[in-house]
Amino acid sequence: MEFETVIGLEVHIELKTRTKMFCSCRNEFGAPPNSHICPVCLGLPGALPAPNGAAIEAAIRMALGLGCEISERTRFDRKNYFYPDLPKGYQISQLDEPIGLDGRVLLPGGGEVRISRVQLEEDAGKLQHEAGRAVVDFNRAGVPLLEIVSQPDLSSPQEARAYWEEIRRIALYLGVTDARMEEGSVRADANISLRPRGTNALNPRVEIKNMNSFRFLERALTYEADRQAEIYRTSGRVAQETRGWDDPRGVTVPQRSKEESQDYRYFPEPDLLPLALSRARVDALRDALPKLPADRRTALAAAGIAEEQVRLIAESRPRAEYFDAAVAAGAAPLEAAKWITGELARLENEGAFDVSAPKAEPAELAELLRQVDGGALTQASAKQVLAELVAEGGTVAATAERLGLVRLDDRDAVRAEVRAAIQENEKAAQDLRDGKEKAMSFLVGQVMRRTRGRVAPDLAKSLIEEEIGR
Amino acid sequence: METLRDAASRLRRAEATSGSLVEAAFSAIEAREADLHSFLTLLPDAREAAEELDRARPEGAGPLYGIPYAAKDNLMTEGVRTTAASRILAEYVPPYSATAIERLTAQGALLLGKTNLDEFAMGSSTEHSAFGPSRNPIDPTRVPGGSSGGSAVAVAAGFTHYALGSETGGSVRQPAAFCGCVGLKPSYGRVSRYGLIAFASSLDQIGTLTRDVRDAAVVLAAIAGRDAHDQTSVQDAVPDYLGAISLGAKGLRFGVPQEYIGEGVAPAIRDEVLRAADLLEAQGLTRRDVRLPHTPYALDAYYIIAPAEASSNLARFDGMRYGPRAEGDDLLESYKSSRGEGFGAEVKRRILLGTYVLSAGYYDTYYLRAQRLRALLRQEFSAAFADVDVLLTPTTPTTAFEIGARVDDPLAMYMADALTIPANLAGLCAISVPGRPSEGLPVGLQLMAAPMREDVLLRAAAALEEVVR
Numbered sequence: 000m001e002f003e004t005v006i007g008l009e010v011h012i013e014l015k016t017r018t019k020m021f022c023s024c025r026n027e028f029g030a031p032p033n034s035h036i037c038p039v040c041l042g043l044p045g046a047l048p049a050p051n052g053a054a055i056e057a058a059i060r061m062a063l064g065l066g067c068e069i070s071e072r073t074r075f076d077r078k079n080y081f082y083p084d085l086p087k088g089y090q091i092s093q094l095d096e097p098i099g100l101d102g103r104v105l106l107p108g109g110g111e112v113r114i115s116r117v118q119l120e121e122d123a124g125k126l127q128h129e130a131g132r133a134v135v136d137f138n139r140a141g142v143p144l145l146e147i148v149s150q151p152d153l154s155s156p157q158e159a160r161a162y163w164e165e166i167r168r169i170a171l172y173l174g175v176t177d178a179r180m181e182e183g184s185v186r187a188d189a190n191i192s193l194r195p196r197g198t199n200a201l202n203p204r205v206e207i208k209n210m211n212s213f214r215f216l217e218r219a220l221t222y223e224a225d226r227q228a229e230i231y232r233t234s235g236r237v238a239q240e241t242r243g244w245d246d247p248r249g250v251t252v253p254q255r256s257k258e259e260s261q262d263y264r265y266f267p268e269p270d271l272l273p274l275a276l277s278r279a280r281v282d283a284l285r286d287a288l289p290k291l292p293a294d295r296r297t298a299l300a301a302a303g304i305a306e307e308q309v310r311l312i313a314e315s316r317p318r319a320e321y322f323d324a325a326v327a328a329g330a331a332p333l334e335a336a337k338w339i340t341g342e343l344a345r346l347e348n349e350g351a352f353d354v355s356a357p358k359a360e361p362a363e364l365a366e367l368l369r370q371v372d373g374g375a376l377t378q379a380s381a382k383q384v385l386a387e388l389v390a391e392g393g394t395v396a397a398t399a400e401r402l403g404l405v406r407l408d409d410r411d412a413v414r415a416e417v418r419a420a421i422q423e424n425e426k427a428a429q430d431l432r433d434g435k436e437k438a439m440s441f442l443v444g445q446v447m448r449r450t451r452g453r454v455a456p457d458l459a460k461s462l463i464e465e466e467i468g469r
Numbered sequence: 000m001e002t003l004r005d006a007a008s009r010l011r012r013a014e015a016t017s018g019s020l021v022e023a024a025f026s027a028i029e030a031r032e033a034d035l036h037s038f039l040t041l042l043p044d045a046r047e048a049a050e051e052l053d054r055a056r057p058e059g060a061g062p063l064y065g066i067p068y069a070a071k072d073n074l075m076t077e078g079v080r081t082t083a084a085s086r087i088l089a090e091y092v093p094p095y096s097a098t099a100i101e102r103l104t105a106q107g108a109l110l111l112g113k114t115n116l117d118e119f120a121m122g123s124s125t126e127h128s129a130f131g132p133s134r135n136p137i138d139p140t141r142v143p144g145g146s147s148g149g150s151a152v153a154v155a156a157g158f159t160h161y162a163l164g165s166e167t168g169g170s171v172r173q174p175a176a177f178c179g180c181v182g183l184k185p186s187y188g189r190v191s192r193y194g195l196i197a198f199a200s201s202l203d204q205i206g207t208l209t210r211d212v213r214d215a216a217v218v219l220a221a222i223a224g225r226d227a228h229d230q231t232s233v234q235d236a237v238p239d240y241l242g243a244i245s246l247g248a249k250g251l252r253f254g255v256p257q258e259y260i261g262e263g264v265a266p267a268i269r270d271e272v273l274r275a276a277d278l279l280e281a282q283g284l285t286r287r288d289v290r291l292p293h294t295p296y297a298l299d300a301y302y303i304i305a306p307a308e309a310s311s312n313l314a315r316f317d318g319m320r321y322g323p324r325a326e327g328d329d330l331l332e333s334y335k336s337s338r339g340e341g342f343g344a345e346v347k348r349r350i351l352l353g354t355y356v357l358s359a360g361y362y363d364t365y366y367l368r369a370q371r372l373r374a375l376l377r378q379e380f381s382a383a384f385a386d387v388d389v390l391l392t393p394t395t396p397t398t399a400f401e402i403g404a405r406v407d408d409p410l411a412m413y414m415a416d417a418l419t420i421p422a423n424l425a426g427l428c429a430i431s432v433p434g435r436p437s438e439g440l441p442v443g444l445q446l447m448a449a450p451m452r453e454d455v456l457l458r459a460a461a462a463l464e465e466v467v468r
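Sequence order for the protein chains is L and S.
First residue of the first sequence: 0, per numbering that gives the first Met the number 0; consecutive thereafter.
First residue of the second sequence: 0, per numbering that gives the first Met the number 0; consecutive thereafter.
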């Protein structure tokens, strides 16, 4: 029998706010253990939560970014369970009236995933085992956490990964999170089940909890889909359970979960008043949203930019905005895309260029492309100018001047360089006369070396031909 | 017995010092505390603190400056052991103070000690204290009421001029009634709950025990008002309560709802309420008929909502971050032992009850229905307060009962709060004022007013106090 995979994801994003969700402790990763704690986030007797307006706003913005309906009234609930990392014995979360409902996300490769809800809650502390004992760092306790729950619309591990990446991308566009995977500020739980292709059968699902890497998610789901298919093929039954991903072994293993068959006894949080979110406020936040990745991708593709370049430009908001600014300054979109995903991306990877705080301003990229197009700079010179702009800032004109990279157009001057190159490389010149075309590019290269790339390659070539008398 | 205001004027006229007030308090305590057991902790450095206050006394010091007071031991006091009368917090020393305590401290009030209560404020007699019951100063064979029993005893026995207590279902008014002092429960949201160990968050409120109504006005003014630490504290400005009282009560409308003087209320208490009603009418207050037919359901709703919230609020006492931790073979065993050994029977009973009513499958039947009832009660009160300014009722169905009489009969114990609970459910302000004693035991007369109308409540209460005397 052929199976299809049904996957739903719960993505957790720690919001990047100055202070925690319900107290004024700093929300900061990496501080010494238990240095950002107070009676509230430590759950001391008598302490009460006071909601962080900035976190609520960030949550609304993210929900809007996911295309959700924003409830006019939102409310917090208590989720009750015992665990040493949970200071109050309950987590302040949202059950019936979450901030956002019914959103959707468009995946880069096409396809739409429905979002059922976006809820705001508080993170727990971090339980660690060291030297045979368990210790808890409560710095993370009370950090605002957004839970984004998808419908089971994902049909493959690859799609699940693409969805998670897109959620993270949207959050980064909105600036609501640092989204540092290695710090666990973005985590996901996945539900996966199989059903005979083309049916709507509801089969037991397996939950894989607390993954903090895209690669783990994809591998875990791939393994799990195979495992479940194998069970069905041998006419067994898949147990509805929580499993964990054991990455070194590459398998999922049953987990004795802290939440196994738990009744969370949710009820409305009496310490917090329901929150009224006015239409006007929500509309203002919606209007102020930046252009989001899916819109970016659509616009870039419509401009005729190649798919891979579209993906790279839309990947980060600063890069997309850099592109926009360069085009606004007169750059041809296709050329701008080529340079941003080519030379500038290479400089970014080398750490020489920071697109979120660019020294090489987008208007200068536009100017650079104009000079290349008009012939004032050669490609090679333009790369040198760009490298210099990226490091030092300034204008194309001044930089080209200072580096002496203004194109050498004087035929006599270029002819002198060509003659010198031929003289120094008699053997190559002879080879060329003998019809060995390889020697031509060598000689052109020598002219370029002598002129530091200031000569247009075509001009060098034609003068070389003249000089050796072809 | 001397009022807080009289003590303040003695201090102003330099006829007394904070030091002499503390000495007087300690000798009164010396004489009777062994019998009454009102305090769980006395501050050893109160004398030095008094001397310091005397030295630093500013011009125009406020009415609380330099005067010792007692606080119920479920209010956080920085550096001073705070137990909630529970073994699980027996050695707990908090690193911060409740907002109400901070506000008193800022006005020069002097904390003398922390008073006894029913464990986590769950009870009506202080017999559920892990550290032994308090006794009624009028008749030490009887309970002082609860849960703020220790605070009522401290005020009634002459130890301190006033004390802070807390209410969830009558825990200030009921002991005030039993001990013969004034017990004020402000409207929900009037006083910040920050630093009050939560019992039932939607019902809890800090209240005052004083020797007369005007003192209640003075202390309330000192602790009331918005606190950014408590989102449920209201923004409304705090009125001038003494100024309101000085307007007199003439022209105020009041009602005596039949539902509060029916079956189960001792005849002598009912008679005292009716006598008080006649006296108020004679003073120029207008009497109107009011009906509150849902009153009998209040107790049922309360014993679902309060335990539900308590079961969650008390989850933090797990032996992990503070309090004794019983080691177990695994985490679950450690939780079970820590909580099993740390909590007393009444607290466990309410945690079980609350856990049950919130459980999947029972939530709608119990918790949601109770909340609907609560909404009905609110509406009913709201309608009543369109016709009258205050409601006059007994505070308790009976006078103080004997120690041990109800401790093994939870339902009988719960009945002691039947007449006070509705005000908590509806977020009203309410006060208990001593009436004429019955067979030598104090009788409490209760007045209730609409939320945030402490000004009206106190006007009526001052008049009531005057006429029944």
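Calculated from the structure, these hints are not laboratory results.
Treat the numbers as computed from the prediction; the structure is a model and nothing was measured.
Beta carbons are placed, not taken as given, at the ideal position from N, Cα and C, and that holds for glycine.
Errors might be hidden in some of the hints.
[Claimed, not checked] Label-pair distances were calculated between CB atoms; the ranges are: (1) S:T285 x L:Q261: 33 to 39 Å; (2) S:V466 x L:Q261: 44 to 50 Å; (3) S:P409 x L:P253: 52 to 58 Å; (4) S:P409 x L:D245: 49 to 55 Å; (5) L:R25 x S:K347: 48 to 54 Å; (6) L:R285 x S:K347: 17 to 23 Å; (7) L:R285 x S:D408: 55 to 61 Å; (8) L:D245 x S:L331: 51 to 57 Å; (9) L:L100 x S:A344: 43 to 49 Å; (10) L:R196 x S:L330: 56 to 62 Å; (11) L:D245 x S:R368: 32 to 38 Å; (12) L:V134 x S:A344: 32 to 38 Å; (13) S:A359 x L:E240: 28 to 34 Å; (14) L:G249 x S:L330: 25 to 31 Å.
[Unchecked claim] Computed footprint of chain L on chain S, listed as stretches where at least three residues anywhere in the stretch have a Cβ under 8 Å from a Cβ of chain L: (15) 20-30; (16) 227-239.
Against the structure, the hints come out as follows:
| no. | hint | verdict |
| --- | --- | --- |
| 1 | S:T285 x L:Q261: 33 to 39 Å | violated, 57 Å |
| 2 | S:V466 x L:Q261: 44 to 50 Å | violated, 58 Å |
| 3 | S:P409 x L:P253: 52 to 58 Å | violated, 44 Å |
| 4 | S:P409 x L:D245: 49 to 55 Å | holds, 51 Å |
| 5 | L:R25 x S:K347: 48 to 54 Å | violated, 38 Å |
| 6 | L:R285 x S:K347: 17 to 23 Å | violated, 50 Å |
| 7 | L:R285 x S:D408: 55 to 61 Å | holds, 60 Å |
| 8 | L:D245 x S:L331: 51 to 57 Å | violated, 25 Å |
| 9 | L:L100 x S:A344: 43 to 49 Å | holds, 45 Å |
| 10 | L:R196 x S:L330: 56 to 62 Å | violated, 43 Å |
| 11 | L:D245 x S:R368: 32 to 38 Å | violated, 47 Å |
| 12 | L:V134 x S:A344: 32 to 38 Å | holds, 34 Å |
| 13 | S:A359 x L:E240: 28 to 34 Å | violated, 19 Å |
| 14 | L:G249 x S:L330: 25 to 31 Å | holds, 30 Å |
| 15 | 20-30 | violated (count 0) |
| 16 | 227-239 | holds (count 5) |
Hints 1, 2, 3, 5, 6, 8, 10, 11, 13 and 15, counting from the list given before, are not met by this structure.
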